[in-house]
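*Asks:* Protein chains in written order, with the working numbering: chain W, 136 to 376; chain H, 136 to 376; chain V, 136 to 376; chain A, 136 to 376.
Because the hints were derived from the structure by calculation, they are not lab data.
If you're wondering where the values come from, they're calculated on a predicted model, not measured in any experiment.
Among the hints, a few may not be true.
Repeated chains share a single entry, so a pair holds when one copy, or any two copies, can fit it.
In the PhoX-like style, the derived pairs of lysine-lysine whose C-alpha atoms are separated by at most 25 Å in a straight line are [as the list claims (entries may be wrong)]: (1) K350 with K138; (2) K296 with K192; (3) K367 with K287; (4) K287 with K375; (5) K287 with K350; (6) K375 with K350; (7) K350 with K192; (8) K367 with K192; (9) K296 with K138.
Protein chains: 4
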Amino acid sequence: MAKPVDPSVIEDLVVANRVLVSEGVLDAFGHVSIRHPGDAERYLLGRNLAPALVTAKDIVEYDLDSNPIDAPPGFAHFHERFIHGEIYRARPDVHSVVHSHSPNIIPFGVTGHPLRALYHMSSFLAPGVPVYEIRDVAGMSNMLISNGPLGKSLAETLGEKDVALMRGHGNVIVARTLPMAVFRAVYTEVNARLQVQATSLGGPINFLAPEEGEKAMQVLENIHVRAWDIWKRAALEQIKG
Amino acid sequence: MAKPVDPSVIEDLVVANRVLVSEGVLDAFGHVSIRHPGDAERYLLGRNLAPALVTAKDIVEYDLDSNPIDAPPGFAHFHERFIHGEIYRARPDVHSVVHSHSPNIIPFGVTGHPLRALYHMSSFLAPGVPVYEIRDVAGMSNMLISNGPLGKSLAETLGEKDVALMRGHGNVIVARTLPMAVFRAVYTEVNARLQVQATSLGGPINFLAPEEGEKAMQVLENIHVRAWDIWKRAALEQIKG
Amino acid sequence: MAKPVDPSVIEDLVVANRVLVSEGVLDAFGHVSIRHPGDAERYLLGRNLAPALVTAKDIVEYDLDSNPIDAPPGFAHFHERFIHGEIYRARPDVHSVVHSHSPNIIPFGVTGHPLRALYHMSSFLAPGVPVYEIRDVAGMSNMLISNGPLGKSLAETLGEKDVALMRGHGNVIVARTLPMAVFRAVYTEVNARLQVQATSLGGPINFLAPEEGEKAMQVLENIHVRAWDIWKRAALEQIKG
Amino acid sequence: MAKPVDPSVIEDLVVANRVLVSEGVLDAFGHVSIRHPGDAERYLLGRNLAPALVTAKDIVEYDLDSNPIDAPPGFAHFHERFIHGEIYRARPDVHSVVHSHSPNIIPFGVTGHPLRALYHMSSFLAPGVPVYEIRDVAGMSNMLISNGPLGKSLAETLGEKDVALMRGHGNVIVARTLPMAVFRAVYTEVNARLQVQATSLGGPINFLAPEEGEKAMQVLENIHVRAWDIWKRAALEQIKG
Numbered sequence: 136m137a138k139p140v141d142p143s144v145i146e147d148l149v150v151a152n153r154v155l156v157s158e159g160v161l162d163a164f165g166h167v168s169i170r171h172p173g174d175a176e177r178y179l180l181g182r183n184l185a186p187a188l189v190t191a192k193d194i195v196e197y198d199l200d201s202n203p204i205d206a207p208p209g210f211a212h213f214h215e216r217f218i219h220g221e222i223y224r225a226r227p228d229v230h231s232v233v234h235s236h237s238p239n240i241i242p243f244g245v246t247g248h249p250l251r252a253l254y255h256m257s258s259f260l261a262p263g264v265p266v267y268e269i270r271d272v273a274g275m276s277n278m279l280i281s282n283g284p285l286g287k288s289l290a291e292t293l294g295e296k297d298v299a300l301m302r303g304h305g306n307v308i309v310a311r312t313l314p315m316a317v318f319r320a321v322y323t324e325v326n327a328r329l330q331v332q333a334t335s336l337g338g339p340i341n342f343l344a345p346e347e348g349e350k351a352m353q354v355l356e357n358i359h360v361r362a363w364d365i366w367k368r369a370a371l372e373q374i375k376g
Numbered sequence: 136m137a138k139p140v141d142p143s144v145i146e147d148l149v150v151a152n153r154v155l156v157s158e159g160v161l162d163a164f165g166h167v168s169i170r171h172p173g174d175a176e177r178y179l180l181g182r183n184l185a186p187a188l189v190t191a192k193d194i195v196e197y198d199l200d201s202n203p204i205d206a207p208p209g210f211a212h213f214h215e216r217f218i219h220g221e222i223y224r225a226r227p228d229v230h231s232v233v234h235s236h237s238p239n240i241i242p243f244g245v246t247g248h249p250l251r252a253l254y255h256m257s258s259f260l261a262p263g264v265p266v267y268e269i270r271d272v273a274g275m276s277n278m279l280i281s282n283g284p285l286g287k288s289l290a291e292t293l294g295e296k297d298v299a300l301m302r303g304h305g306n307v308i309v310a311r312t313l314p315m316a317v318f319r320a321v322y323t324e325v326n327a328r329l330q331v332q333a334t335s336l337g338g339p340i341n342f343l344a345p346e347e348g349e350k351a352m353q354v355l356e357n358i359h360v361r362a363w364d365i366w367k368r369a370a371l372e373q374i375k376g
Numbered sequence: 136m137a138k139p140v141d142p143s144v145i146e147d148l149v150v151a152n153r154v155l156v157s158e159g160v161l162d163a164f165g166h167v168s169i170r171h172p173g174d175a176e177r178y179l180l181g182r183n184l185a186p187a188l189v190t191a192k193d194i195v196e197y198d199l200d201s202n203p204i205d206a207p208p209g210f211a212h213f214h215e216r217f218i219h220g221e222i223y224r225a226r227p228d229v230h231s232v233v234h235s236h237s238p239n240i241i242p243f244g245v246t247g248h249p250l251r252a253l254y255h256m257s258s259f260l261a262p263g264v265p266v267y268e269i270r271d272v273a274g275m276s277n278m279l280i281s282n283g284p285l286g287k288s289l290a291e292t293l294g295e296k297d298v299a300l301m302r303g304h305g306n307v308i309v310a311r312t313l314p315m316a317v318f319r320a321v322y323t324e325v326n327a328r329l330q331v332q333a334t335s336l337g338g339p340i341n342f343l344a345p346e347e348g349e350k351a352m353q354v355l356e357n358i359h360v361r362a363w364d365i366w367k368r369a370a371l372e373q374i375k376g
Numbered sequence: 136m137a138k139p140v141d142p143s144v145i146e147d148l149v150v151a152n153r154v155l156v157s158e159g160v161l162d163a164f165g166h167v168s169i170r171h172p173g174d175a176e177r178y179l180l181g182r183n184l185a186p187a188l189v190t191a192k193d194i195v196e197y198d199l200d201s202n203p204i205d206a207p208p209g210f211a212h213f214h215e216r217f218i219h220g221e222i223y224r225a226r227p228d229v230h231s232v233v234h235s236h237s238p239n240i241i242p243f244g245v246t247g248h249p250l251r252a253l254y255h256m257s258s259f260l261a262p263g264v265p266v267y268e269i270r271d272v273a274g275m276s277n278m279l280i281s282n283g284p285l286g287k288s289l290a291e292t293l294g295e296k297d298v299a300l301m302r303g304h305g306n307v308i309v310a311r312t313l314p315m316a317v318f319r320a321v322y323t324e325v326n327a328r329l330q331v332q333a334t335s336l337g338g339p340i341n342f343l344a345p346e347e348g349e350k351a352m353q354v355l356e357n358i359h360v361r362a363w364d365i366w367k368r369a370a371l372e373q374i375k376g
C-alpha cells in the first residue's frame, strides 16, 4: 500500500518538473524522481505525462522493480521508469534521479569526446562521465531502458558517478537530494554548451583537476540551494499564476 | 465543390501553424498542410499568409494540381503549394506536409555534410536525408517550387523518405499524421543544431544504426502525441488568450 | 523649414525601431532612417536615443549634410548620422538605411571570411558584401563615422551593394523601402549565424549563384511585406501596450 | 558605524543586480558592488542572496577587509566578498566591481586562447585580459576567493586592467562607475560569444588595435549611459511589477 508523504515533498517534486522544463533540460520528455522519504525501497515519479503538466495528483509510488503501488487504474507509466528503480537499488546514497534528453549534452554521448568539468559550477563532472552504450547490452534496440535488466546495466555504467551519458539517447543524473539533482542537471547542460565552444577555440583545455573538483563540490553542497530557491519561487508563481 | 471537414481537424491545422512558429521552425514564411480527410485527392492549406496569423477561415482546399477549390475571390495562394500537391500525389501514405526554412537545417543543404540521426528523437532521419538540387532541374532559378513539374521533381527526390533538404532554400517534412509531421519538423531542427556541435568536437560521430532508427521510430509512433498535446495546449491558450 | 510628413510614415519608422530591437539587430545602439518622402534632399531619423524608446516626437529631419532641421533645442543627434546623409546623397535609389552592431555579423567584418548568401531569404547578399576598413581612411580612429568625409568613404565602399560590413564596428544595410531595409537587416543576421555553422561543418559551401541571387531577390520584392506585416502588428501591440 | 547613502544610489545597485540577470551575466550566483560614495574605505554589496532577489534592505556596507558594518545578525555574507574589498584597496580609481560566471566567457579562461576586443563596444578589452590561475597561489583549491590574500592575488593579476578572467571559475570586471561596470560585463559576454564564432571561421582575426581601443573607449564613456537608461527602465518596471 502506498505510504503517506508530506505534501511539501510532493510539491518540491512537482516544482522540479517545472524548473527542469524552464531551464531547457526537459521538453515534453524526460522525468525526475525522488526516493520515498519513508521507505528506501520505494520511489516517487510522475505518471506518463509531459513534465510541464505534472501536478501532485500525478505522482505515483513505485517499488524498486518499478511496479506502481496503488496507482489509479487509468494511469499510464513511463516505459523507462526502470532507470529510476535500478539506480535506487544499486545506489543507496542516491535520493533523486533525473533522466533527460538535455540537448547540448547529446553531442558528447555520440562522439569519443568526454564531457569534463570546465568550472566549479560543474565540478561534480570532475570524477569523469561514463557513456552507456546500449548496443553492448541489447544489440540493435529501440534505445529505451524499458525493463529491469537494461536499467541494471545502466546503473552499472553509472557506478559511483553522478552523471552518465546514454549514447544516442540522453543522460541520467543523480544526487543525494532533489535540489542537487536539479542543480546538476542544469549545470551539466551549461558545461556541455561551453565545452563545445572551448573546443572550437582549439588547443588543450585546462579542466578542473580531480582535487579541485572534489573541493569545489563541497562548495556546491552549501550554495546549490540558492539556485533551487529562486527556481522554486519562479515555478510556484507560474503554477499559482 | 469544397467538401465539409470536421472543425476539430481545421483547429488542429491552425494549431500546427502556431506550434511551428513557437518552436522556431516557421517564421513569417513556410507552410503546413494536411490531406483532406474526406477526399484523398484534395489537401488543406492556409491561404498566402504568415503562419502566425492563420485562422480557421484562412484554410483553403486544393486539388492535387494545387488549384484552389471554392476559395474566396480575394484570397492569394502560396506560390509553392505545388510542394504539397505533388507530394500527396506521389505518396499515398502521406497525410501531412511541412515546408519550412527552419534555420539550423539550412547549413546541411548547402554543404556536402549529410544530416543524420544523432539520437532516438530524430530516428526518422536514420534512413537518410536526400538533398534536392533545383539547379539540376531548373538551371538558374529563383529557388521556388512554383509549378507542378518542380513539385514533382522534389517529390521524386524525397522518394520514400520523411525529410528532404532543399539546397539554398529549406526543407520538406512529411508524415502519416499532422502531429507527427510537426514532431519531425521540431526534432529535425534540434538534430541539426546538435549535429553541428558534435561535428565541432571532432572525430567520428556514432549515429543511430539503421536498425536502431527503425526500432526507435516505432517508439516515436507512441510517444509523439505527448509533445503534440502540450504544444497544442500552449497554442490554444495563445489563440484564445 | 521641416516639411510635413504623413503620420503613417512616421509611425512606420517608429515601428521599424521596435522591430529591429525585437529581432536582435539593434540593442541600445544603432539607428534606422528613411529618406524624406517629400524632399529627396532630406532624411528622417530619431534623435540620439535608444531605439526601443523612439516615438513619433523623437523623429528629426536632417539635410544631406546631416544638419538637423528645426529640431527642438534640447535634442541631441547621433554622432554617426553622416552614414545616412552620405548614403542618401550617393545612392538616389536608396530610401532607407539601417546602421547596426547586429551581433552575428561582427565576425565577418574582422576575418577575411566573406559573408555570402546561403539561401534565397538572404539573396540580396549574392552580389557580394564589401568590408569597410576605416583604418584605410582615418588611420587609428575611434571607429565612428562621425563626419561627412567618413560617411562619404563608407558610401563609396558600399557602392551599388545593399550591405556593407564595417570592420570592428558593425554594418550598414540599405533598400528602396523601409520594410525591405528591415527585412534585409533581419535576414543578414540570420545568414551570418548559419554561415558560421555551415563553415563548422567543413568542406565547400554551395552559395547562391549570382543569377539565382538575382532571381530570388525578385521574389523577396513580393514577399517581404508578409514579414513586415507581422512584425509591425507585434510592435504596435507592444507600443499600445 | 554604517554611513548614510542616498537612496537613489542604493536603487541603482539593486537595478544593476536585475540588469545583470536579465542580460545573462549573472544567474543565481555572482555579485555586483559599488564603493561607498561617502567613504572610500567602504563598499556596498548585497548580502548572500541570489541577485534576482536583492532589494534595498539587503545591501550591506563592508570595510576593505570585507567585514560587514552594522549588518543585521541574521545576514549571511558572500564567501567571495574579498574580491571586492581587495580590488577597491588596490585600485583607487575603481568604484564598481562585478564578479560573475558569465557563461560565454568561461571557455577563454580555460584555454590559452586570449579574449580580445572584436569591436568598439568591447574596446575596454583592447589593453589585454589577464587570466588568474588560482593554482599558482593556492595549489589545489575549491576555486573560491574566500579570503583576503586570495583577493589580493586576484587584484594583482587584474593590475590596471578592466577585466580579468578566473580559470575554471568566472571573471571580474571593474569600472569607475556602476553603469560602466554593468556595460562592460554585458559586452564582454557578447564579445566572447562572437570571438568563438570568428575563430570558427578560421584565419587571423583583425582585432582592435591598442590605439583604436583607447579612442573607442572614450566614445563608450559618452554613450554607455544610453544602454544603462533602458536597462534601468526595464528593471524598474519589473521590480515595481
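*Asks:* Each of the hints needs a verdict: does it hold here or not?
*Replies:* Right, here's what the structure says about each hint:
1. In this assembly of identical chains, K350 and K138 lie within 25 Å of each other by CA distance neither inside one copy nor across copies; the values are 38 Å within and 38 Å between.
2. In this assembly of identical chains, K296 and K192 lie within 25 Å of each other by CA distance neither inside one copy nor across copies; the values are 32 Å within and 42 Å between.
3. Taking the shortest Cα distances, K367 and K287 never come within 25 Å of each other, neither inside one copy (32 Å) nor across copies (36 Å).
4. Taking the closest pair of Cα atoms, K287 and K375 never come within 25 Å of each other, the shortest separation being 39 Å inside a single copy and 47 Å across copies.
5. Proximity of K287 to K350 under the C-alpha cut-off of 25 Å is restricted to the inter-copy arrangement: shortest distance 21 Å between copies versus 30 Å within a copy.
6. For a Cα distance limit of 25 Å, the shortest separation of K375 from K350 qualifies neither inside one copy, at 39 Å, nor across copies, at 40 Å.
7. Within a single copy, K350 and K192 get their C-alpha atoms no closer than 40 Å, and across copies no closer than 33 Å, so neither meets the 25 Å cut-off.
8. For the homomeric pair K367 and K192, the shortest alpha-carbon distances inside one copy (19 Å) and between copies (22 Å) are both at most 25 Å.
9. In the homo-oligomer, the alpha carbons of K296 and K138 never lie at most 25 Å apart, since the shortest distance is 30 Å inside one protomer and 50 Å across protomers.
Comparing the model with each numbered hint stated earlier shows that hints 1, 2, 3, 4, 6, 7, 9 do not hold.
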